[in-house]
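K.L.:
Single-letter residue listing:
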Amino acid sequence: MQDSTSTGEQAAADAEPGWIEPHERLDRSAITLWRVNGLIESGFTFLAASAAAAVASLFADLPWYISGLPLVVALLVAVITVGVAPTVRWRRWRYEIRDTEVDLQRGAIYITRTLVPLARVQHVDTQQGPLERRFGLATVSFHTAAGAHRIPALREERSREVAARIGALAKVARDEPL
Amino acid sequence: MTVEFSRPRRLHPATMVIEALRGLRSWSGAIAFPVLASVFGDRSGSVVGLLVVMLVVIAAGAAAWGYASWRATSYDVRGGMFVFRRGIVQKSERSIPIDHIQSVDTVQGVVQRLFRVVEVRIETAGGGSSGRGRDSADAALPALSRSVATALQAELAAARPEPVEAEQAEAAGPTLIRRMGFGDVLLAGATSGQIGIALPLIYGASQYFDNLFSEERIRGLVGSVLPGTFAAVAFILGAVLLLSWLAAIIGTFWAYYGFTLYRDGENLRITRGLIERREVTIPISRIQAVRTVEGVLRQPLGLALVRMESAGYGKDAGVSMTLFPLLPRKAAAAFLEAVAPEFAAAPELRPLPPRSLRRYVFRESWPWTVLIAPAVLVPILADLQPPDWYSWAAPLGLAAAIGLSALYGWAQYRSAGWACERDCIVVRTRRLARTTLIAPRRRLQSRSVAQTPFQRRRRLATFRIEVASSGGGASASLVDMDAEEAFAAVQQLAPNPAA
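Residue numbers (the working numbering), protein chains in the order written: chain D, 1 to 178; chain H, 1 to 499.
Incorrect hints may have been included.
No more than 16 Å apart at the CA atoms, straight line, and that leaves these computed lysine to aspartate or glutamate pairs for EDC-like [to be verified]: (1) H:Lys-91 - D:Asp-99; (2) D:Lys-171 - H:Asp-99; (3) H:Lys-91 - D:Glu-157; (4) D:Lys-171 - D:Asp-125; (5) D:Lys-171 - D:Asp-61; (6) H:Lys-91 - D:Asp-125; (7) H:Lys-330 - H:Glu-348.
Hints were generated in silico from the structure; no laboratory data involved.
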């Protein structure tokens, strides 16, 4: 592993980032926000499911427990998206803005850890949808030449701090033009 | 005239009109109905009245939308940042560090000309989406007066370092690096394996032949030469394959005949093409990653194709293109040393741990099993009385499908490997063709490690890197790497601390 770069050994001594999670978390009210989002989504799922169930029971001669199957599935999906997923997601979501990189960890089941060098950041956005505004939350997204990365559901003032910090560090870290 | 940019500024009020028109355009579906109805429908009083009301409502809505957009949009230049705020419902604030800005262009559309204002587009390197024009800009200010636009351009230019375009190395002149001879092109075509691309061509040709030879004549011809259906099918299949192979060779000649790569100071120049000569120039400094692709037919011959990902901005957006169509795999490192030394890494690759072999084999073979097994077993078990041959041919087919897909999984596992050398990451994977990606550490836009619960249990992980390219980046993933090694690699590829 340390065969090529001289920084390898020193970096390994600093920390093993693979095992130390980034330490910042999202705002706790993210859970509520995601629950509300999930609720709205499951509303639509239910509409679709009831339509499917209605069609099945009216036009096809199926026993009730088969034509009702879409509703059961929709209920299951709702329980997961409203009840379970937001908490798990929040518990897993972490971020940290280091001097040279942004460290992100996300995903409820499929956990992804991403490191984005600040030198590669082109610009930073803060966004706020109507629902987020209700909760006093905002999303920071920062763009590299290969795409955008997001840190969702931060307190408004926190989101401003994060965006400003990423922006300022990106300016310093820029080592050479693309 | 001095313009103050350190406080949030609104755009020119003409923005209201422009945004209102944009709003109308995006609602045009809804507007089309009353307009069409008024043209073609019956013109009784109540209908006309209703239409008028609808149009008034729509016009008022557009006006309100324009006003609200204008109110919501502002920008300023402060602390080395260009900050752009907009959005009525979905609010957004975008900060662009000034020294990342590559271009500040002004454009004047019809509406802008009417109001004597200009649209200002701000772009960063490789940024924005892949599109052109307004959508590709990182910030587009729909209307500023000329004087303010000029002042803004000056303000942004003052804070921005001069672009260091290497003009000094012109004197040397282009040096030839490598050229495709006739034999090379023929070999490239013969081994390209692009049978899929050739199929439409053959279809077109067959339509043409249908007119020449009637079906009966062909049947008579085939029947006299080859008795029996099996032989006929085999003959036709063989003919199709041969024809598509020939078409692939012709296609390769068309695109790559005379392919020549020059190095001209800090640029690469490629000329190619049989009838239509094409020429492109790419600054070497824009190359983000190089891929060596060994096709199924080429790998046994030790041949490979070299591709590159490059990033650009503004008018010449990033591209993914052929750096050289065919060269011996062994010569690739020396070739890259001459073309772009930064990418000339040819390390011994580290294999994946033996415990991931099972996952590779399983991942490839289970979809086939699930797909084919019911088709095989149900007719036999449910006693649907399939023909006699079915009871032995179908299970044999299933076994073959499982065996082949498992073999493919094994081949993927065997090909997979990675290494960090000379400040480069090298990742090799197989998706039919064996592909080796080489990217310098300083070109990496992001590095990721992802784990499913199954991978976590076996201490495996998927390692992924991204580089800039057209269409918002290119990436390479290595599935089922040892988790600890993956995290260590991510760590090793970290950027140097800021000086």
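K.L.:
Check the structure against each numbered hint from earlier and tell me which ones fail, lowest number first.
P.N.:
1, 5
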